[in-house]
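Residue numbers (the working numbering), protein chains in the order written: chain Z, 150 to 499; chain R, 150 to 499; chain L, 150 to 499; chain V, 150 to 499.
Please keep in mind that the hints were generated in silico from the structure rather than gathered at the bench.
Wrong hints could be hidden among the right ones.
All copies of an identical chain are treated as equivalent in the list; a pair is satisfied when it fits inside any one copy or across any two copies.
The calculated BS3-like cross-link candidates involving lysine-lysine, where the alpha carbons are at most 27 Å apart (straight line), are [claimed, not checked]:
#1 Lys-308 / Lys-431
#2 Lys-236 / Lys-333
#3 Lys-437 / Lys-181
#4 Lys-456 / Lys-181
The structure presented is a predicted model; accordingly, all values stated were derived computationally and were not measured.
Number of protein chains: 4
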Amino acid sequence: YASTAYGVRMLSKDISNTKVELDVENLMIVTKLNDVSLYFLTRELVEWVLVHFPRVTVYVDSELKNSKKFAAGELCEDSKCRESRIKYWTKDFIREHDVFFDLVVTLGGDGTVLFVSSIFQRHVPPVMSFSLGSLGFLTNFKFEHFREDLPRIMNHKIKTNLRLRLECTIYRRHRPEVDPNTGKKICVVEKLSTHHILNEVTIDRGPSPFLSMLELYGDGSLMTVAQADGLIAATPTGSTAYSLSAGGSLVCPTVNAIALTPICPHALSFRPIILPESINLKVKVSMKSRAPAWAAFDGKDRIELQKGDFITICASPYAFPTVEASPDEFINSISRQLNWNVREQQKSFT
Amino acid sequence: YASTAYGVRMLSKDISNTKVELDVENLMIVTKLNDVSLYFLTRELVEWVLVHFPRVTVYVDSELKNSKKFAAGELCEDSKCRESRIKYWTKDFIREHDVFFDLVVTLGGDGTVLFVSSIFQRHVPPVMSFSLGSLGFLTNFKFEHFREDLPRIMNHKIKTNLRLRLECTIYRRHRPEVDPNTGKKICVVEKLSTHHILNEVTIDRGPSPFLSMLELYGDGSLMTVAQADGLIAATPTGSTAYSLSAGGSLVCPTVNAIALTPICPHALSFRPIILPESINLKVKVSMKSRAPAWAAFDGKDRIELQKGDFITICASPYAFPTVEASPDEFINSISRQLNWNVREQQKSFT
Amino acid sequence: YASTAYGVRMLSKDISNTKVELDVENLMIVTKLNDVSLYFLTRELVEWVLVHFPRVTVYVDSELKNSKKFAAGELCEDSKCRESRIKYWTKDFIREHDVFFDLVVTLGGDGTVLFVSSIFQRHVPPVMSFSLGSLGFLTNFKFEHFREDLPRIMNHKIKTNLRLRLECTIYRRHRPEVDPNTGKKICVVEKLSTHHILNEVTIDRGPSPFLSMLELYGDGSLMTVAQADGLIAATPTGSTAYSLSAGGSLVCPTVNAIALTPICPHALSFRPIILPESINLKVKVSMKSRAPAWAAFDGKDRIELQKGDFITICASPYAFPTVEASPDEFINSISRQLNWNVREQQKSFT
Amino acid sequence: YASTAYGVRMLSKDISNTKVELDVENLMIVTKLNDVSLYFLTRELVEWVLVHFPRVTVYVDSELKNSKKFAAGELCEDSKCRESRIKYWTKDFIREHDVFFDLVVTLGGDGTVLFVSSIFQRHVPPVMSFSLGSLGFLTNFKFEHFREDLPRIMNHKIKTNLRLRLECTIYRRHRPEVDPNTGKKICVVEKLSTHHILNEVTIDRGPSPFLSMLELYGDGSLMTVAQADGLIAATPTGSTAYSLSAGGSLVCPTVNAIALTPICPHALSFRPIILPESINLKVKVSMKSRAPAWAAFDGKDRIELQKGDFITICASPYAFPTVEASPDEFINSISRQLNWNVREQQKSFT
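Take the sequences, apply the hints, and build the full model.
Encoded structure:
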């Protein structure tokens, strides 16, 4: 029995190492268009794909449709391709066609990758992320090498990392109503919205000077009542972001776990804890809390939570597959981004 | 494919929740006999088992064989049982009969449970641990209630927690030899010993005033060169012990992960990291290190490591099954032992 | 010269150990009147003082003037004292008569002591603080013993701890104006308000999802540009409050220093730092910051800071003298409040 | 009275800002002679001083006396100076002539400066420290600029930083003797040695697998019984070294304080604490400790402490004056050495 469990765990490892072959027909390109130069770089990439991959249709941001800088018309003439090979995606289109794209390519920083996560709230295609400057945690390909890297990925078996996302649902507590027939109080809870997040969900005190008082439940039973500036529930991907600033451990993306990290906890013994991804968490603003709390999802969509409101958090069935640049990419990224243990050797104590 | 991976992960959860029925014929009792009172408590337990479970043979520490305080002979007379129903275990017997016992019962503290782990270096029977005073992390049953708890466990389906152990092997580097035929240098590495540990393996500077310089490899590639007082590789079980003192996160025992925690690292950015249990770690004393290092396994068996010596660390195929007292026992234990977030509410800042 | 410096430092120690004799004529009593029972306890204290210290005039909160529960008129009859011996303080009266009171007695928690600090923004009389339940960091006398403690303090030489306060001044940056004569831009900065705080001044991101970008200057030169949820500048008294939650060290109240502690800093190497009390700090919201910041003074008076606004922080010339209950009171308070290193001995690792 | 205390504290600040004029006749040069190149650099410095400061006698390490690489004889010929202007220091000479030297110049790293502290165990002359490569915490002058920096320091008023040292005395407990006359037990304690340290004194468990149990006394009263890998008592200078690795705060050298930092404490609430420099500390190996402890002074002179042995720690009357390179040198050094808050701005969260 113990060996069965061990076997299943090793099987899980094998699966995560499986390579897949992409058959790219519909390629989506996502760029953060807050910088003029990105219009030109996007154009450069699109042109190159159209020329070198004749079977591929390229979908770009609909904002580029009438952009003179992007100049789709000229682009087709230059690359001698049919105009129909350039198409335009919108958020609405994605919502209805999430299994439509075979590969998403991003240009920009880690923020652009988080944006992709936010628009693909169900199934996510493999995501390949190009950095324009230095590499990031999630942007593991250099744009300057796209002419070598893109064909390598599109023509060969690749390994993707199925990054855990968390499914967070907000529930609002309404004033209890009295059933006119029975005279009994009925508690009414309304489901507000659901977010599949890639980095972390944060529940904090927001502008309030008081600590929020948050009840934390795991699989239905009360784990603790947290008095702190807030709580962070982070994925392994998010363990290098806000959770780290708040004192959490780094978590390798291949670990199936949720990092729960308190922000400035009142009690010294309230330490960060690593929970299994299979747990169902609930964070509720205590009825005794002196102040409301605020939630944020990957740093966005801030919403105020009143007393009695709560958020449920569990592993999303929709993981976020990122194309792997190299097997060492996580260790490389923490070395690079966090100077993980790089300092002149054997120096300060001599 | 992503959904297959998700399915396997959920399957893994189901397996870990499976209940098993024990059919106890051979019961082993482990007590730390450093206290006179424990002789009498052990005797009390044995007598009760002999009377209430007529099919069970009880194995006690061979140190009790001729003990007047334990007085096996009288015990049999009192409980009117055949003498052959009390037998004596030795470490040698266990080494050869690890699948022989159906249940291990411990009396004492967490240290006694670690001792069980140290003598069962391959297959481990389910372990049920009684605390004499307050409960510990691993001692989750109270001795004062054994008359209710023991029959409940022995007669019903139970849930065990398959606690991860780490398999650590020490390799000694010998001076390179010159092959007399080819004249080439041959590196000779000798395997010294293997330890399956339940809490943590520690590699530290020992009595040396200098930092040890430790090369850390993951699946064969160099992750970092650690300059620190030492490194701790802890199981989830061990995350509440030394790793926590060194600043590591708590890790729920159902998370399949290894917590790697540096001890007083030289570099501020060298933060604790949670690695997948499937990783193969190697910690090597750098050839550039100014001092040797010392390894310890669950705090025991300290051994000096010279330059070039190394230890490999991976998930042991022999997990350590502990009988679950309640589904909340981990959260209960950290609340109780670490005062996890229990402090008078909303007080110090008002 | 080195020995002169050493001598001055030791002189500083002697001064802080000097005992003074109080000659109490005007006694001020401060209670947080948010609880009915406090009216009666205050009355009990006042009556006792009137009877036992015939020379003393007692000043109570003007809210008690017409309170039926306090019933000042009956109180004078009962204690056979002139009505003029009970007077009423207001915040306005204190602002104009800060050297008028010889002793302040508080009933309540640490919050009541912080309130005294907030209303005495210049000179502060010695403050003796009674706790109603368990002792706090600042409430070091038990109300149940006031009949023994109060005469001891009022009739004998006592030692007060001159607790450091920080003088914080907020400056608002206005849009640069153009001098109509010269055509040159003139930067206009307006001084908004000054706060003498006993615990800490906090500058944080408030409700903003973005990190605030704060420039930190020490004695005029730029120390760092902090990217964090915020910065805390705490007194030794405040080192046991919010600064501790954010990871700062405990600072003994007799150390003349300012604890600067970042809140969730972006960079792992941005560690808490202890600065000399003689430093002049300036925290400015960077012109490059993506969001405004919020300041709070002892957790109150929150104010929004726009880009270019800044706060200056230095040692206040008006220290806060608390009556010492015992020479060990700081160590006692951290043991009691924080369970400083009290845990069952030699347990978890065995 | 409060204002007197405030005045004395400000006076203390003024004193520490006083500038002094050196009148250098006897210049001592300290080099770590573990590297051949250092012989030549030392020679270069000595020659330059002999030529440009005709009144100065230069004292070099007696190891250089007969060194061919140093070649003192030729050096005098080359620089046309009397041979008597080069002299040789020994540790014995320094022990008897500590007020003899007017300036100490070091070549090397921070370790060389710690060495100067170890040989000047009473009065210390001003110390000017040249770094050969990048600057350190204590080596704040670049050797490549010595031709500009040395005359500037020797000919003008300079500011020195009087760095706090700690005076540590080891006491050994002998077996109690019975007085033959009275029959009473007499406790015999022997004073072993005294060390004036610049960085830190460490008391740790050394090679022992067990935690040491250390009783910590402040001004005679028991503060706590520490269960930890050890305790560090650091000066502000030492706050950037081992204490920082163990989780202590940075302490500005102008703060008069002792940083007490536990190493891997058993209890989560045992946090680092900043104590006044006027405190008298005593660290004693508890009679209940399961293992001996080890002490080290600035990382040297390790000595085993048995049960009952203790160390007293207080501010040394002999501060360590370092020549200041610039008023920002502390902030510069932590920025440089620890990457204090330097990381690419506003990046990882976007």
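Consistency of the hints with the structure:
no. : hint              : verdict
1   : Lys-308 / Lys-431 : between (34 Å within a copy, 25 Å between copies)
2   : Lys-236 / Lys-333 : neither (58 Å within a copy, 53 Å between copies)
3   : Lys-437 / Lys-181 : between (43 Å within a copy, 20 Å between copies)
4   : Lys-456 / Lys-181 : between (37 Å within a copy, 25 Å between copies)
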